[in-house]
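J.: Take these sequences, add in the hints, and give me the full structure.
Those sequence lines, one after another, are chains E and A.
Take the first sequence: its position 350, counting from 1, is numbered 350 in our numbering, and each next residue is one higher.
Take the second sequence: its position 298, counting from 1, is numbered 298 in our numbering, and each next residue is one higher.
There may be inaccurate statements among the hints.
You can't tell identical chains apart in this list, so a pair holds if it fits in one copy or across any two.
As the list claims (entries may be wrong) - No more than 25 Å apart at the CA atoms, straight line, and that leaves these computed lysine-lysine pairs for BS3-like:
1. Lys312 - Lys690
2. Lys726 - Lys613
3. Lys457 - Lys624
4. Lys312 - Lys729
In case anyone wonders, no lab produced these hints; they're calculated from the structure.
Chain residues, written in single-letter form:
Protein chains: 2
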Amino acid sequence: MNSNFHIGLLCLNINISFTQIKLFYIITFLTIFHANSQTPGGYELWLGYPEIEESTVRSEYVKITNSIFFNNKTPILQTAKNELVRGLDAMLGRASDVQDSPNLLNTMWVAKKADLNQELQSVLKGDFERIGKEGFIIKSVLVNGKSILLVTANEEVGILYGVFKLLQLMKMQKELAGLNIIEAPKLELRMLNHWDNLDRTVERGYAGFSLWNWQKLPNYIDQRYTDYARANASIGINATVLTNVNANALVLSSAYLEKAAALADVFRPYGIKVYLTARFSAPMEIGKLNTADPLDKDVIEWWKNKVKEVYKFIPDFGGFLVKANSEGQPGPQNYGRTHVDGANMLATALQPFGGIIIWRAFVYSETDATDRAKQAFIEFVPYDGNFLDNVLVQVKNGPIDFQPREPFHPMFGAMPNTPLVMEFQITQEYLGFSSHLVFLPKLYEEVLDAETYSKGKNATVAKVIDASLFNNKISGMAGVANIGTDLNWTGHPFAQANWYGYGRLAWDPYLSSETIADEWLRLTYTNDLKFVVAVKEMMTISREAVVNYMTPLGLHHLMDTGHHYGPGPWVSDLSRPEWNPTYYHKADKDGIGFDRTASGSNATSQYAPEIAKVFNDPETCPEKYLLWFHHLPWDYKLNNGGILWDEIALNYQKGVDQVEEMISIWKQVKTYISDDPYNEVRMLLEIQLKEAKWWRNACLLYFQTFSGRELPPGVELPDESLEYYKSLKFPYAPGN
Amino acid sequence: MNSNFHIGLLCLNINISFTQIKLFYIITFLTIFHANSQTPGGYELWLGYPEIEESTVRSEYVKITNSIFFNNKTPILQTAKNELVRGLDAMLGRASDVQDSPNLLNTMWVAKKADLNQELQSVLKGDFERIGKEGFIIKSVLVNGKSILLVTANEEVGILYGVFKLLQLMKMQKELAGLNIIEAPKLELRMLNHWDNLDRTVERGYAGFSLWNWQKLPNYIDQRYTDYARANASIGINATVLTNVNANALVLSSAYLEKAAALADVFRPYGIKVYLTARFSAPMEIGKLNTADPLDKDVIEWWKNKVKEVYKFIPDFGGFLVKANSEGQPGPQNYGRTHVDGANMLATALQPFGGIIIWRAFVYSETDATDRAKQAFIEFVPYDGNFLDNVLVQVKNGPIDFQPREPFHPMFGAMPNTPLVMEFQITQEYLGFSSHLVFLPKLYEEVLDAETYSKGKNATVAKVIDASLFNNKISGMAGVANIGTDLNWTGHPFAQANWYGYGRLAWDPYLSSETIADEWLRLTYTNDLKFVVAVKEMMTISREAVVNYMTPLGLHHLMDTGHHYGPGPWVSDLSRPEWNPTYYHKADKDGIGFDRTASGSNATSQYAPEIAKVFNDPETCPEKYLLWFHHLPWDYKLNNGGILWDEIALNYQKGVDQVEEMISIWKQVKTYISDDPYNEVRMLLEIQLKEAKWWRNACLLYFQTFSGRELPPGVELPDESLEYYKSLKFPYAPGN
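T.: Have a look at this one:
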């Protein structure tokens, strides 16, 4: 009797009589893979591929992937093939059989449209037309009368995305037979913004330090660069801005461009383009000019040459992200010019190379007494239509600054002739750093689903930014990254879900946060429904929890100054009024909240009349935005009949209770995961609970000095004095 | 019956039987374990335990460890047991059988002396007397007529060290039968000094940032803390100073003590004590006193109370490391007091709790024109015998500052009544950061083996610091850590060997660097002799290489200013003269070198007459120290007949050639390791080569402006101008 066991690079061919051995083998493999996949914790993100144990699923997958034709002629296709083989080999515990050219034994084909036969091309014609440059098709098709699983796309990057999608489906143990997926990203630019400095500190970074080891670049390529690119490609992110928007001109010097080019070389086979931040005064700082006036000939020439140089280093360079005339950054206004002058000058330099300018709308002036929430709109909306075609304007989700909850930014819907990029913050600057579990897709979803009434009903923010509402030529989303050198990349294991979820929403802004949580939990932990359902609930609660224990009922920006760690509602001594929490809550003996109606700053007037009307009246204004738009007396009656002071207090208490609930859920699922990852989250939840109480106590004690009222029943009494909370200092809080 | 097993690249022919299944299992296990143990690269350090493939070795080990009695009553014993089981299970691919109480089936016993029967205790009486508190015995003994492998010790920490030793022996596939190891550390304090700041930057750190996540401490315990402790315990390190010698008083505040205590809790079960740096002015900065005068009553009282508080948080706190009146740090001299006043005041506060003071001798004054190399000796030697019993003085290995090569510090041997702690630098401040492969145990060995002639011949530096020469009551070694948040801990994979080697020398300062390299290579990579022999050669070359391409023939401190990255022999404009490279090389048209003989600074007089005599005469002075002690004309004839200028140039060239040789060796061993770790080192070696050439070119072009001579044949001509090299600026070089 003869048997051949081929393991490693060869196919596995086992005679039935050796089932015993096979089982033994499989179990052994599994045991070890599991043990190792958690060392060190979380490094593999959602890309671990534990072997599939369920025998029916497994045998279906084994059959369907039995013999694969994969035409891998280019670097991106090579990447896709490597990913496919890596995933299949691990999940099925065998070496995949992959061939360069098709044959009759193939059960699966992975190839670009151009590499398919005419018959398939014409059968799929309609599908190919729908998926554009980056989409893909995963479909059961008949070839020579035999059913084949086909992964195809117009371009190679579509193949890469299709492969990742297929692996995700398998990891989630979805049925592959009869599959018919035709999918394309709804946004063109799906970007990460790294606020990484050249000294490797990360502004508002809470997961260690910058991944970019500038000292050892370009010659040393850290394995993490590749793993970072893999993770991004797996969720469709196709652009990364390497450097902080508070920019350093030095990154545009040739020494650093060479380093950035080395990163671009790593990212390219994953379909990711590199972008840099451009410091507006760079012509002076590294160019030795004595002006950075965007209308100055030498300045224009300098940027043209600089851009030419950039493209010599990085032929597919994406473009510049610019923060100008904002929080001390230089810009065209320093020379009496406008944002349009500045953006268009740079855009002109980039235009011949296909590069773009992303100009940030996050501006507010220290000399302008206008409500900060209104200033970006006032500055930018008049310029609608004046920017060149390769300029996008990047707008934060809300009109202040990444608070736990803000109404959507009124610029969305107000600039039909300008492509607006949505800027979300993935790093938790105002949301408990990387110690608090907050599932941000809940926040993103709320913003994306918001009605702008820009062209009547159903004109959601999502439709503004995916260009479907105004037919802009380009569309995009930016996420301020939460990624750093921590072993698990994001500091908190659940902060990985925010990176993942951001990527998914940049691909499809209509996805529900629940779907995202479901996917992420299955890909990261387990398909066990009991775990998934419970933890999804924990994630769902988490966003309301943080709003409640930090800034309920529309309160905002109560964080301690500078580092934004912990509560500081009492801070009132900063040089710029709008940096003080007191500017935002305006608590006094008569009440609390920022009047943004016509009787106040009239910020509501920046919204469409349908929205403004709702916001203007405290009776119709959603209670979640109540104190964002209204200054109301402490005894103001809310919809549930309670008075404002009591409801504020009860909401703070509710936030704490919700964290307790999260802990209780996590304890319930202990048996589904191993000790280390369980304990890691457990420890962090305990920090979150401690800090939720700190927030509740400090804010209530402080507001109580104005309201003069007792805490309502059900609210725990603070165990420290207001003076104690005020005395806390954190000179080395990270990210500052 | 025949079967073919094709596994990876192997082809085995075996008969079907249970053996077959077993082997199949074993080999499969191995394949997978290997694949995973390299993800992500280098995290496991020398503590990976690949399964043992060699069947004879394996079966011996299986037999000897078949049934283990392990009495694990305390946390340290629990740690030891966990380590043993972890290692054995992985190396032997099975679950170990470990029992709490002995029985007749046991093949191995692990227990403290007190837990052994009277017979064994008396048989081993002599051994137990030799091993002290931290030593161990690993021995084949007869119990009831049966041979048993015994791991024993007087104290539990000895068991931990014994277990690690046993695992290392097994990993190196040493025979266990008839083993008779009686081993104890030769130094009491085996310390790491972390120059870690509270903002997580690391002074002179080139492996990322500080491991200590102060923000999340004390409630979040990073897995790395445990893995750090494991690694240290495995090489006998028993003390760690968490914070930078350029100290921040805040670490002594209760908020930070609570955090430090959490780390101490993690380290305790690994036999490691926590130490902190004490900023001398802390009574003013956090105590609100208006003086830090060590003779002031309030100051004395403040420190007493502070120490009491520290011990409340950390009951086994080790003590303080102090840098005082050095490079701007405050100290007793600010109040007209002496180092003795300062150290003894703190020592008095620590004494009731068993704590110690380690007072650094790294001092040199900006107002003192004396040769910097002489100042520490002048300041400290007169105080010999004046320090309290719980004070140690920590002295850098050479009289300047961690140069690629220095003669040993003349304080070693000159203070018989003071325990001197050797301070080595493991982080490569002056040795190419973490991009250059330099095997530092070669450097350490050279210093430890140096003859002081303090009590005649054979009075080596090792004998001074292990207290054997002068019978000091306490002994120690400190290593400035090269550890950071990089995935592989040390930035360069081979820098792990420096951490490892430092630990081994702190345990036994008489170990040869070759033994250490051998051990480390086997534990980290493979036992394959072809690999080990070749790479050992590469490591051995590396230290001479860096001396040659940076500072040959006794030259020193030519590094560019501040960051110490790359050459800067021309720097001469710093405020303190002894911070300028020109201070050290004194090149002029007549020659080069620092005259430290009687005609110059007379630093040689600080050495014993036997040594001074040798150093004083350029004819007898070892050429490796020539320009350290002598200013010599460019045409001075060296022993080989060449003139000084030519020999300087040829040495620089030799350094470059040696790096080429290292690369060539590494290429030869490519087949012995997998691609990723191979390429990682390969990329770094290419950086090293590039930078070695930069050093050679820049230094030779600069010195040529004085010598006015041509480069001798065999020296490559620089490809850039001196102006080019001078123009290079590195504002974000790490560790500064």
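J.: If a hint holds in the structure, say so; if it doesn't, say that too.
T.: Now for the hints, and whether the structure bears them out:
no.	hint	verdict
1	Lys312 - Lys690	between (53 Å within a copy, 23 Å between copies)
2	Lys726 - Lys613	neither (39 Å within a copy, 67 Å between copies)
3	Lys457 - Lys624	within (21 Å within a copy, 83 Å between copies)
4	Lys312 - Lys729	between (48 Å within a copy, 23 Å between copies)
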